[in-house]
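Student: Residue strings, one per chain:
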Amino acid sequence: MTTDFKHLQAAHCENGVTTNLLRSAGATKLTEPLAFGIGSGLFYVQLPFLVINNGPAIAFRTMPGLIFKRTCNALGIPVFRKKFASKEAGKKYLDECLAKGQPVGAQVGVYYLTYFPKEYRFHFNAHNMIVFGKEEDRYLISDPVMETATSLTEFELERVRFAKGPFAPHGQIYYPMEKKIITDELMKSAIVKGIKRNVNHMLLIPGSIAGVKGIAGTGKKIKKWKDKLGPEKAGLYLAQLVRMQEEIGTGGGGFRYIYGAFLQEAHAFHPIDELLDISKIFTEAGDKWRTAAVQAAGIYKGRIGSQADYNVMGDYLIEISEIEKKAFQALSKIKWNS
Amino acid sequence: MKKEEIPQDDGALNKLTKEVLYAVDGSGKYSSELSTGWDVKTKALDLAWEDIEKRIEAARQKVLNNEASPILYFLELRLMDMGILAAYTGFWKWTIKKHLKPAAFKNLSQQKLQQYADAFNVSVEELKTMKVHDN
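In order, the protein sequences belong to chains C and W. Going letter by letter, the first sequence gives residues 84 to 421 in this note's numbering. Going letter by letter, the second sequence gives residues 55 to 189 in this note's numbering.
Watch out, some of these pointers could steer you wrong.
[Claimed, not checked] Here are some chain W residues the structure puts well away from chain C; computed CB gaps all over 10 Å: (1) K69; (2) I110; (3) K116; (4) N119; (5) R132; (6) M134.
[Stated by the list, open to error] Just some of the chain C residues that point at chain W, by a computed CB distance under 7 Å: (7) K89; (8) L91; (9) Q92; (10) E202; (11) E230; (12) A232; (13) T374; (14) A376.
FYI, nobody ran anything at the bench for these hints, they're computed from the structure. On a predicted model such as this, the values are computed, not experimentally measured, just so you know. We put the beta carbon where it would ideally sit given N, CA and C, even for glycine.
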């Protein structure tokens, strides 16, 4: 059995699943950048005291699951979600959905995701894919980060749906419950809502761990890493920062380019020229993030590594913090017509 | 980033797929483009794996020196921490901590050994000997 479904590649798995499922529910104009922006996906946080995979806990985007949830809410599309206590119940429910022709989003862990290269298989449990059919004992899978659709055996899919550890998926599946007509008016108000929320998250969270202040906060910390951690560990920390920023799913420049693309697409709905100007500021921020990554790579490749080199690295982030502050302040001042 | 500046280097992901990046064309308009990889991040991932390999080897030495049970080796090999292993085995963290001692490990029942073996996706024999045949 297969459902009426077309694979779509995206930079990020959650954006991709959101876009694809909601398009089939009537949001025909939705794209990856629009889903990301409506879901207020852009963020920055370095959680203090927390070490993940022996490196700093840094994120360039909002918590897993929120982009999907916010975008559905903003467009008024009701979502069905279900977790399962047993693997059997999880499989039975999935098979029933597919039999009815309903493609479903599934949360999975990547450690046992057999088609991923070994180097990418960590215990990360908030990956998303769409299951859109079944042929004999193979499930047809649309993994948004891949160029083409793929498949998994019953056992392989069960193992990733019931992966354990932080964010354990418990077989979670989700899908839009009804098809709706999504008007341009609804898209317009969803875009404004998404931008306003993102302005708040980046400018108004108190303290120096999150938002634009968090970026500068990490910049200041980096200057101390060489002395505090020693060159080897400091190199690993910088490598982890670069991975969070540039690895598959970010679209480059720590999601800043996707946000730039979002503002351009938002301009088609709200012809306010500031949106195009501010989009350029996000391009500038993304470019600076990548310049910083090159500097970091110089350090962890051992080509450079003096205190002055760490200072340059830290200053890049402090500079980026200012650029993004300017961009979000400009966004906060936009006068929306509707 | 401009379209023509998108790096097309080699990377581990390239075995599976090209990835989507967003970049601007000559007139400043964004579109999604494909990239094979970027050596800056390839090196970052390589470095993380070199560190993991070091920790696996250090754990193996500890087990050989009778300072830890094979559970430590498999924790590192399977990239787990105590929380993840607790979730997969159903044991409490403090129980696992106890089983990390060689003496306690030797006294484990066949059933408990099997629970660890399942969590690490190996056989009980492989668990005891640290000789793994991954496919």
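Student: For every hint, state whether the structure bears it out.
Tutor: Taking the hints in turn, this is what the structure says about them:
At roughly 5 Å, the least C-beta separation between K69(W) and chain C is not larger than 10 Å, which violates its mark as non-interface. Listed as a non-interface residue, I110(W) keeps its Cβ farther than 10 Å from every Cβ of chain C; the least gap is roughly 13 Å. At the 10 Å boundary, the C-beta of K116(W) stays outside the reach of chain C, the nearest C-beta of that chain being 17 Å off. The beta carbon of N119(W) is kept farther than 10 Å from every beta carbon of chain C, the shortest such distance being approximately 23 Å.
In this structure R132(W) is not separated from chain C by more than 10 Å, as the shortest Cβ-Cβ distance comes to only about 8 Å. A Cβ of chain C approaches the Cβ of M134(W) within 10 Å, the least distance being about 7 Å, so the stated non-interface status is violated. With 7 Å as the threshold, the beta carbon of K89(C) stays out of range of chain W, its nearest partner Cβ sitting at about 16 Å, so the hint is violated. Hint on L91(C) is violated. Least Cβ distance to chain W is approximately 10 Å, over the 7 Å limit.
A hinted interface residue such as Q92(C) counts as satisfied when its beta carbon comes closer than 7 Å to some beta carbon of chain W; here the least separation is about 6 Å, so the hint holds. Here the hint on E202(C) is kept, as its CB sits about 4 Å from the closest CB of chain W, short of 7 Å. Because the beta carbon of E230(C) sits about 5 Å from the nearest beta carbon in chain W, less than 7 Å, this interface hint is met. This hint is violated: A232(C) has a C-beta 12 Å from the nearest C-beta of chain W, more than the 7 Å allowed.
A hinted interface residue such as T374(C) counts as satisfied when its beta carbon comes closer than 7 Å to some beta carbon of chain W; here the least separation is about 10 Å, so the hint is violated. Proximity of A376(C) to chain W holds as hinted, the smallest CB-CB distance being about 5 Å (cut-off 7 Å).
Hint compliance for this structure: hints 1, 5, 6, 7, 8, 12 and 13 are not met, and every other hint is.
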